[in-house]
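Asker: Add chain B with the ligands to chain A, keeping to what the hints say.
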Amino acid sequence: MSIIETQDLTHIFPDGTVGIEQINLKINAGEFVIIAGANGSGKTVFARHLNGLLTPTKGQVLLDGQPITKNLIEARKKVGLVFQDPDRQFVGQTVAEEVAFGPENLNLPPAQVDSIVKASLALVGLSRFSHQSPRVLSGGLKRKLAIAGVLAMKPQIIILDEPFTGLDYPGVVQILQQILRLHAAGHTILLITHELEKVLAHAGRLVIFYQGRLVADGRPEAVVHGVERYGVRMPLRKGEEVKELSWLK
Amino acid sequence: MAEMTLFRYLHRDTVLHRMDGRLKLGSMLLLSVSASLAGALRHYLVLFCLLCIALRVAKLPWAALLKELKFFALIIWVVLSINATTIPGDPIPNLPLPGVTVQGVITGLRFAGRLINIILICVVTTGTTPLRTLRHVIEWCLRPLPFVPEVRIATMIQLTFALIPVLFIEFAEMSRAQKARCLEVRKNPIKRMYYTVLPFLEQTLHRTDQIVEAMEARGYSEIRTKAAFKSKTSDWLIFTLCLFVFLVIVFTKRG
Ligand SMILES: Nc1ncnc2c1ncn2[C@@H]1O[C@H](COP(=O)(O)OP(=O)(O)OP(=O)(O)O)[C@@H](O)[C@H]1O
Ligand SMILES: [Mg+2]
Chain A
1 MSIIETQDLT HIFPDGTVGI EQINLKINAG EFVIIAGANG SGKTVFARHL NGLLTPTKGQ
61 VLLDGQPITK NLIEARKKVG LVFQDPDRQF VGQTVAEEVA FGPENLNLPP AQVDSIVKAS
121 LALVGLSRFS HQSPRVLSGG LKRKLAIAGV LAMKPQIIIL DEPFTGLDYP GVVQILQQIL
181 RLHAAGHTIL LITHELEKVL AHAGRLVIFY QGRLVADGRP EAVVHGVERY GVRMPLRKGE
241 EVKELSWLK
Chain B
1 MAEMTLFRYL HRDTVLHRMD GRLKLGSMLL LSVSASLAGA LRHYLVLFCL LCIALRVAKL
61 PWAALLKELK FFALIIWVVL SINATTIPGD PIPNLPLPGV TVQGVITGLR FAGRLINIIL
121 ICVVTTGTTP LRTLRHVIEW CLRPLPFVPE VRIATMIQLT FALIPVLFIE FAEMSRAQKA
181 RCLEVRKNPI KRMYYTVLPF LEQTLHRTDQ IVEAMEARGY SEIRTKAAFK SKTSDWLIFT
241 LCLFVFLVIV FTKRG
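Protein sequence lines, in the order shown, are assigned to chains A and B. At position 166 of the first sequence (counting the first as 1) the number is 166 in the numbering used here, and the numbers step up by one without a gap. At position 238 of the second sequence (counting the first as 1) the number is 238 in the numbering used here, and the numbers step up by one without a gap.
Be careful, since some hints might not be right.
One-sided excerpt, in silico: chain A residues whose CB lies under 7 Å from chain B [claimed, not checked]:
(1) Gly-102
(2) Pro-110
(3) Val-113
Don't read these hints as lab results, they were simulated from the structure. Backbone N, C-alpha and C fix where the C-beta goes; we use that ideal spot for every residue, glycine too.
Only chain A is shown next, with the shape it has when bound in the complex:
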């Protein structure tokens, strides 16, 4: 059984804009899936349905075979969403507070919250900054903090919405290593990006969105050749292979 599945997922905004239309996607536990698509193709809207932040106009999302609307808190615990803009995700005044927010919502005892916060910050290498304000961190550190805040809830599925935007080369490499470590540790990874050249080598599956619809889904080698039609830059140069598409050397 797939860990997460969408059936005919459709979202039409009150102003009539079609966000996504008829999306059917099944993801198995432990997969590493990349979702790519041009600006406005519905990637973020789709991600927001997977942990119940948006309610579908039509269709549904199943988590372990159960509609997520049955238990939203459980869904948000299982599906961690790292926002496209980390500033929008921060609710705490200090780095440690920010990470503690999730576990506190789960009503864990204070001592356990503390140890989770320490462990999550250590995992992304932010322990030194625990008393700083999240807003004064650099772009790369902000992204790491956003990931730590999600990790603290111990989600099975982690969705990262454009995690490389605005990062310099070392920043991309560090975030990429982090994602691969999480995948190796057994998390199911859903990575939204249009910069395929940075990560495609590591993914087992590539899904393409175009104007709110899912238009391609399969092994990266099979899907990648047609991406340009859908507004995504073709990452392969002449003679290059998919397994070379990574910023990790």
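Answerer: Then chain B with the ligands, alone, in the frame of chain A:
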């Protein structure tokens, strides 16, 4: 605003930072009441010395704070001069300043003493207490009251405090962006408001929505971890000292 130190939490490892939030806020409340009740100059001096020691102990940055307090110094100076010249009374002996009265100067000084002490109390409290602790203390105080949704109130207060600096930064950023496009050239104040105040209001609503969304994404729940408060002997000592000062000021008020 992002660089401001006044009224912001500054992390240090000191007795005051580690102090039990309930006792700390209790102590500060006692000192605030003392400052408002105090009548004699020596009362203000006692409070002032106590708070200076607190600033020192908390290792808060003097110089930066003093610089940011300039605004309050101006208020004090204005009030002092108004009081000194408008309140009727006897002229100051051996100091022929026309219009300045002894009673006026004393009233002005009293106001200044009160204001300085209250500001210092706020500086020490906010400088040593993270917002989360403040929130936990509010929750703890409201918990015994029936029909009061203490978690919701505490969340609202925390969010308000968290939102204010963010909005300040954004407002500054927005007006810079508009200056860069020569908004000053427009003379019509209504038009200028239209391009500054309206976007700001819209931004505020938008920001609030975003924070609510961020909280929801991580499963915000009102049944949440309760703070564990631990009070140490040193915390009680500080509290007792403040209580003592408070009692002394109350009982020597008339004297
Ligand atoms: N709140 C909203 N109201 C109306 N339309 C919206 C809203 N949010 C998104 N949309 C529309 O839904 C469509 C999909 O947007 P979405 O944010 O999912 O795109 P995206 O693929 O994430 O793009 P990007 O690469 O720029 O992040 C767009 O046409 C967008 O204008
Ligand atoms: Mg997006």
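Asker: Each hint: holds or not?
Answerer: Now for the hints, and whether the structure bears them out:
no.: 1; hint: Gly-102; in the structure: holds, 4 Å
no.: 2; hint: Pro-110; in the structure: holds, 4 Å
no.: 3; hint: Val-113; in the structure: holds, 5 Å
Consistency with the previously given hints is maintained throughout, with no hint failing.
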